[in-house]
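Number of protein chains: 2
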Amino acid sequence: MSDKRTLKVAVLGCGAVGSQVVRLLTEQSDDLTARVGVPVELVGVGVRRLDAPRDVDLPDGLLTTDVAGLVARADVDLVVEVIGGIEPARTLILSALDNGASVVTANKALLAEDGPTLFEAAEKAERDLYYEAAVAGAIPILRPLRESLAGDKVTRVLGIVNGTTNFILDKMDSSGAGFSEALEEAQELGYAEADPTADVEGFDAAAKAAILASLAFHSRVTAADVYREGISDVTAADVASARDMGSVVKLLAICELRPGPNGDQVAARVHPAMIPRTHPLASVREAFNAVFVESEAAGQLMFYGPGAGGAPTASAVLGDLVTVARNRLAGTRGMGESAYADRAVQPMGETRTRYHVAIDVDDRAGVLAAVANAFADHDVSIQTVRQEGRGADAQLVVVSHAAPDAALAATVEQLRSMDIVREVTSVMRVEGGDE
Amino acid sequence: MSDKRTLKVAVLGCGAVGSQVVRLLTEQSDDLTARVGVPVELVGVGVRRLDAPRDVDLPDGLLTTDVAGLVARADVDLVVEVIGGIEPARTLILSALDNGASVVTANKALLAEDGPTLFEAAEKAERDLYYEAAVAGAIPILRPLRESLAGDKVTRVLGIVNGTTNFILDKMDSSGAGFSEALEEAQELGYAEADPTADVEGFDAAAKAAILASLAFHSRVTAADVYREGISDVTAADVASARDMGSVVKLLAICELRPGPNGDQVAARVHPAMIPRTHPLASVREAFNAVFVESEAAGQLMFYGPGAGGAPTASAVLGDLVTVARNRLAGTRGMGESAYADRAVQPMGETRTRYHVAIDVDDRAGVLAAVANAFADHDVSIQTVRQEGRGADAQLVVVSHAAPDAALAATVEQLRSMDIVREVTSVMRVEGGDE
Ligand SMILES: NC(=O)c1ccc[n+]([C@@H]2O[C@H](COP(=O)([O-])OP(=O)(O)OC[C@H]3O[C@@H](n4cnc5c(N)ncnc54)[C@H](OP(=O)(O)O)[C@@H]3O)[C@@H](O)[C@H]2O)c1
Ligand SMILES: NC(=O)c1ccc[n+]([C@@H]2O[C@H](COP(=O)([O-])OP(=O)(O)OC[C@H]3O[C@@H](n4cnc5c(N)ncnc54)[C@H](OP(=O)(O)O)[C@@H]3O)[C@@H](O)[C@H]2O)c1
Numbered sequence: 001m002s003d004k005r006t007l008k009v010a011v012l013g014c015g016a017v018g019s020q021v022v023r024l025l026t027e028q029s030d031d032l033t034a035r036v037g038v039p040v041e042l043v044g045v046g047v048r049r050l051d052a053p054r055d056v057d058l059p060d061g062l063l064t065t066d067v068a069g070l071v072a073r074a075d076v077d078l079v080v081e082v083i084g085g086i087e088p089a090r091t092l093i094l095s096a097l098d099n100g101a102s103v104v105t106a107n108k109a110l111l112a113e114d115g116p117t118l119f120e121a122a123e124k125a126e127r128d129l130y131y132e133a134a135v136a137g138a139i140p141i142l143r144p145l146r147e148s149l150a151g152d153k154v155t156r157v158l159g160i161v162n163g164t165t166n167f168i169l170d171k172m173d174s175s176g177a178g179f180s181e182a183l184e185e186a187q188e189l190g191y192a193e194a195d196p197t198a199d200v201e202g203f204d205a206a207a208k209a210a211i212l213a214s215l216a217f218h219s220r221v222t223a224a225d226v227y228r229e230g231i232s233d234v235t236a237a238d239v240a241s242a243r244d245m246g247s248v249v250k251l252l253a254i255c256e257l258r259p260g261p262n263g264d265q266v267a268a269r270v271h272p273a274m275i276p277r278t279h280p281l282a283s284v285r286e287a288f289n290a291v292f293v294e295s296e297a298a299g300q301l302m303f304y305g306p307g308a309g310g311a312p313t314a315s316a317v318l319g320d321l322v323t324v325a326r327n328r329l330a331g332t333r334g335m336g337e338s339a340y341a342d343r344a345v346q347p348m349g350e351t352r353t354r355y356h357v358a359i360d361v362d363d364r365a366g367v368l369a370a371v372a373n374a375f376a377d378h379d380v381s382i383q384t385v386r387q388e389g390r391g392a393d394a395q396l397v398v399v400s401h402a403a404p405d406a407a408l409a410a411t412v413e414q415l416r417s418m419d420i421v422r423e424v425t426s427v428m429r430v431e432g433g434d435e
Numbered sequence: 001m002s003d004k005r006t007l008k009v010a011v012l013g014c015g016a017v018g019s020q021v022v023r024l025l026t027e028q029s030d031d032l033t034a035r036v037g038v039p040v041e042l043v044g045v046g047v048r049r050l051d052a053p054r055d056v057d058l059p060d061g062l063l064t065t066d067v068a069g070l071v072a073r074a075d076v077d078l079v080v081e082v083i084g085g086i087e088p089a090r091t092l093i094l095s096a097l098d099n100g101a102s103v104v105t106a107n108k109a110l111l112a113e114d115g116p117t118l119f120e121a122a123e124k125a126e127r128d129l130y131y132e133a134a135v136a137g138a139i140p141i142l143r144p145l146r147e148s149l150a151g152d153k154v155t156r157v158l159g160i161v162n163g164t165t166n167f168i169l170d171k172m173d174s175s176g177a178g179f180s181e182a183l184e185e186a187q188e189l190g191y192a193e194a195d196p197t198a199d200v201e202g203f204d205a206a207a208k209a210a211i212l213a214s215l216a217f218h219s220r221v222t223a224a225d226v227y228r229e230g231i232s233d234v235t236a237a238d239v240a241s242a243r244d245m246g247s248v249v250k251l252l253a254i255c256e257l258r259p260g261p262n263g264d265q266v267a268a269r270v271h272p273a274m275i276p277r278t279h280p281l282a283s284v285r286e287a288f289n290a291v292f293v294e295s296e297a298a299g300q301l302m303f304y305g306p307g308a309g310g311a312p313t314a315s316a317v318l319g320d321l322v323t324v325a326r327n328r329l330a331g332t333r334g335m336g337e338s339a340y341a342d343r344a345v346q347p348m349g350e351t352r353t354r355y356h357v358a359i360d361v362d363d364r365a366g367v368l369a370a371v372a373n374a375f376a377d378h379d380v381s382i383q384t385v386r387q388e389g390r391g392a393d394a395q396l397v398v399v400s401h402a403a404p405d406a407a408l409a410a411t412v413e414q415l416r417s418m419d420i421v422r423e424v425t426s427v428m429r430v431e432g433g434d435e
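Note that the protein sequences, when read in sequence, are chains A and B. To convert, note that position 63 of the first sequence is 63 in the UniProt record's numbering; the numbers rise steadily by one, no gaps. To convert, note that position 180 of the second sequence is 180 in the UniProt record's numbering; the numbers rise steadily by one, no gaps.
Derived from the structure by calculation, the hints contain no laboratory data.
If several chains are the same, the list does not tell them apart, and a pair holds so long as it fits within one copy or across any two.
Below, in silico cross-link-like pairs of lysine to any residue (SDA-like), each with a Cα-Cα straight-line distance of 25 angstroms or less:
no., residue 1, residue 2
1, K124, D31
2, K153, A34
3, K4, T33
4, K153, G310
5, K8, A330
6, K124, T91
7, K4, D31
8, K8, A341
9, K4, A125
10, K4, A341
11, K8, L94
12, K8, L63
13, K124, T33
14, K4, D30
15, K124, A34
16, K153, T6
17, K124, R333
18, K4, E337
19, K153, V38
20, K4, G100
21, K153, V43
22, K4, G334
23, K153, D31
Take the sequences, apply the hints, and build the full model.
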């Protein structure tokens, strides 16, 4: 135990999350003292603008725009980074570690892009770098993956880790709305930003998938390793087609251990997928998040809660802060990066998936055989075919068994070029059931 | 860092859980070495009978009936207690700690009855005592409560923490079966023991409620502090009545922070309750467990998974073992008992609950007024009254607002004594909605 009488904390950023971190640090200070062992004193809050309105009452003199100076202070033990983005966040975190501070961050973008640089800096400085808030906001998921499941072998993680897209898809499912209409409603209600690209195109979820895959499989996975498709092409017809098979469309972050030529590989991808309504993830409504974990011994676990919001995210930040503070007092550190397994990343084309394909066809003899042949040509076996409508409205809905994603994509290509196929109206991967 | 080249572990008990702990220790040994930092070597397995059949292949010479001798070995660093029950488990854990070993246990009965003795021994010995597996099997819930939410204020925990009773109630709900029939089916399928008392009468859930309440509210709560009612009196009519209001009956472990005369008190109780089908806990089927946590900043979180079973429980034990082993190597300890808040336990009679009451009444003018008066006599306000049937089948279904439990019980007493009341056919508490 160190003889520290108090731990000094600097918070970088005082926006949606930072203001709530500051509020909790102040309001819960007696509890924090009891849980940490010594008082945790807020010594500075770094921002861009001194005069911006804040969601929290700040004691005089704490706010500063000299963020680099704040991080360089010799007396700062703990730094919370809730500015976001790559720079100046990266430089600030690196200089905090270099300066001997322990760091807590919520910055998924930075971790997914350049995590290894940060982890190596923490290792070199022999300091903690914690980031529970970076994935699924308030939901404790990184600590369970890293610690609770440390004696088990995680085989798959399926997550609804972006609230905006879940809100939009849930709206489309419950009201029959199209994508644009649902997006507009999400924007009006504050669930989507004016420029929704990062959420809607799956960039945010892909960053989280990289972080989840790294932890689950003890390997380095960055955002660039994650296959990514957003939801902007999901149509009301896709959602209706899912409904017809008792399924629902969700944007999933999927991280799996898959057999490769030289041992297990990591497959990480983000895309819309149909999952059965009976799957625990199917009941995750509105902007909530949930992460479903499969492991060898524990079986199936699910973690559910608010994936964003200032206060929920601040709760996760403070949880990390208490651990990091206790470690510091005890002169120890928590588990650092664990990448010993060093697995290769499986290319998306080789990753086995299942497809749901709806095809408008000419209603004549031999159509089904022709369509079935297209699948067979690519060694894709069919699980079910459903024929709907007659005449000009004739439609075939095919659900495949698992096959390499590239073979499925090539099958769809071939279907599109066939005479008897008027249109391929819906193509979507299927998850959460048997292969 | 210590210069230990290997950590030695003794496992006490080799039954459902112990055999899986031994299996994982062997099968995952490379991963465990990578995660802990040094090899974890199994040096002995304590049992009652040397010749009993085991679910795992044990290396020769590991099995011993001299359990006390195993625990007293000078070279044992880590002791896993999966014997269960009060004695000899307590004596063995105390002597392991006294001997300088760190301990991991799954023993909810012992922790709920005599936790403080164990925690004090761990404190005195300056050793870790971890017990994630004691509540909700594989589901990481204690670590999130204790660490992830350490910067937040937990206000309520609602848990389905007993798989046997959830299986029975789910069966009653889905098939209309009565309690005995559903219990028999649970026994046939291995979800209930031949003597089902501990599960069915809520003793097991009450032990878990005590553990959850202690952690959530940083206070000492033992099984004796937990109000307990089992499910053996739940009838098919209760379940049908719940269904009529869009609800489902679950055996809940409920831990709450409630205002008392001198600050917040802890209320902890286990009883069947009706919850709305839209509540996340309502969709927990069969023998699964789930714990729903409400906290000030994080909001509502849920943790879901298998609540029992050898392998899932062993996963939780191993997760603790990795942490405890790492702490030992680092010469540090995790968070010990946290009981600084030292809150009083609120008596059940004072705890505010809501009641659902179904009453067979005489079908004549003034009946509703008379029933309403009975509630008013005890200052209980009524949320809804539904009249069903006519004549000899006339029934009133009343749902109250929140009131002290004693006032609600007294109201039911009074109803039972009234002339116009033929029978009070169903009385059950209501949870998971607005007060
Ligand atoms: N919001 C959520 O629900 C949520 C959930 C999970 C994770 N996160 C993560 O949490 C982090 C913060 O998000 P947020 O929503 O709180 O962002 P935000 O509301 O935009 O706040 C950002 C804060 O950083 C400050 N800042 C920006 N650039 C700066 C610079 N160059 N130097 C100093 N200060 C600067 C801003 O100062 P001014 O106030 O002076 O402009 C502001 O206080 C991000 O990494 C985000 O991904 C957020
Ligand atoms: N089973 C679950 O799903 C589950 C879930 C959560 C928590 N737990 C907890 O885990 C613990 C173990 O449960 P379990 O289901 O594995 O029990 P179990 O199958 O009955 O196994 C008990 C083991 O302890 C040994 N044992 C019993 N009395 C002993 C004594 N006096 N001295 C030495 N060894 C003794 C037995 O030896 P023999 O084999 O020689 O008889 C047996 O190997 C309990 O605390 C339980 O509450 C169990």
